[in-house]
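Engineer: Sequence:
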Amino acid sequence: AIEELRIEELEGNGTETLELYEAIKDEIRITPSKNGVVNVEASFVNRKKGVVDSSLDLEINLIPKEKKMVFLNRKKTGMPNIYISDIVRDIYLRLDERTIFIPEIIENSTILNSGAINCTEDYLFEKTLNEDEFVDNYLFETQNGRSTMRVANEQGQEIYGLKEVTTDLGDYSVSFKLRPKDNPGPLYQALPERTNPRYGIAGQAPSRVLVASISKRLLIPMPRLPLPSCTRPRHPSQQRIVFRIPCHFFKLSQKEMIHERQNQLRYGRCYPSTT
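Numbering (this note's numbering), first residue to last: 1 to 275.
None of these hints come from the bench; they were simulated from the model.
Careful, some of the hints might be misleading.
Stated by the list, open to error - Each pair of labels, with its calculated beta carbon distance range: (1) R94 x E164: 25 to 33 Å; (2) N13 x K127: 39 to 47 Å; (3) G36 x S175: 17 to 25 Å; (4) L112 x R29: 15 to 23 Å; (5) E131 x I102: 21 to 29 Å.
All values reported here derive from a predicted model rather than from experimental measurement.
Note that CB positions come from ideal geometry on N, CA and C, so glycine has one too.
Please work from the sequences and hints to get the whole structure.
Structural biologist: Structure follows, in structure tokens:
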């Protein structure tokens with residue numbers, strides 16, 4: 001039923017949008033494994049006059065035993081009217097009945113979105129966000145979080161808490177706990193407009209979520225904190241050369257330590273001294 005409603009809505013955005021949606025669905029590949037994990041991949045590039053207009057790179061692991069959905073890779077450019085939740089819904093429509101499960105955990109692994117990275121670093125290292133503020137900002141401000149909420153809502157679930165945040169040499173993973181919604185709520189409900197440009201695009205028009213009913217705790221207005229005073233813009237050429245994890249500093253050679261420390265001071269990652 002949701003798929004029919006979405007197709008009707010996409011038709012309202014023009015024939016080109018619907019054709020793009022159908023073309024993406026043709027690129028979805030589902031591969032069950034012997035241990036019960038289902039791997040899903042989708043890679044799509046749309047070109048206009050030889051120039052990339054929009055693209056999608058998605059990889060998901062569905063783990064029935066743990067009732068867990070893991071986004072190993074999630075990158076979308078362009079296509080503002082097509083959501084990751086549309087792809088996940090199509091995946092579930094194709095799955096065998098013995099494989100289908102309602103997730104109780106959603107994990108965003110190897111996060112690439114800059115806003116989500118900033119939010120996670122503010123929580124883990126800068127300590128400018130407590131757990132409730134992190135959950136609120138991640139879900140309502142970052143693209144990863146808003147996408148996660150759409151997926152959970154379509155599964156008839158609500159996000160009610162943070163499970164864990166992990167990091168491995170600069171790659172962050174964020175997991176949320178889900179539970180069935182008490183009240184499905186209206187068919188459409190708008191997520192609030194973004195207000196923090198550090199985590200998302202401030203002033204961006206609210207996006208609609210199918211069957212949205214968010215945890216009451218998450219609906220409590222949270223104070224919007226100013227940017228940390230120690231945060232400075234990174235040089236464009238050094239986006240991937242940053243000192244993100246102080247703990248791995250101790251495993252480096254003396255020469256590597258000096259190099260890391262120079263990057264830390266030069267490009268504005270102001271963590272406590274490791275000496």
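Engineer: Does each hint fit the structure? Answer for all of them.
Structural biologist: Going through the hints against the structure:
1. At roughly 30 Å, the beta-carbon separation of R94 and E164 lies within the given 25 to 33 Å, and the hint holds.
2. Taking the beta carbon of each, N13 and K127 are about 43 Å apart, inside 39 to 47 Å as hinted.
3. Judged by the Cβ atoms, the range 17 to 25 Å given for G36 and S175 holds: they are separated by roughly 19 Å.
4. Here the CB-CB span from L112 to R29 is close to 21 Å, well matched to the stated 15 to 23 Å.
5. At about 25 Å, the CB distance of E131 to I102 agrees with the hint of 21 to 29 Å.
The structure is consistent with each of the numbered hints, conforming to all of them.
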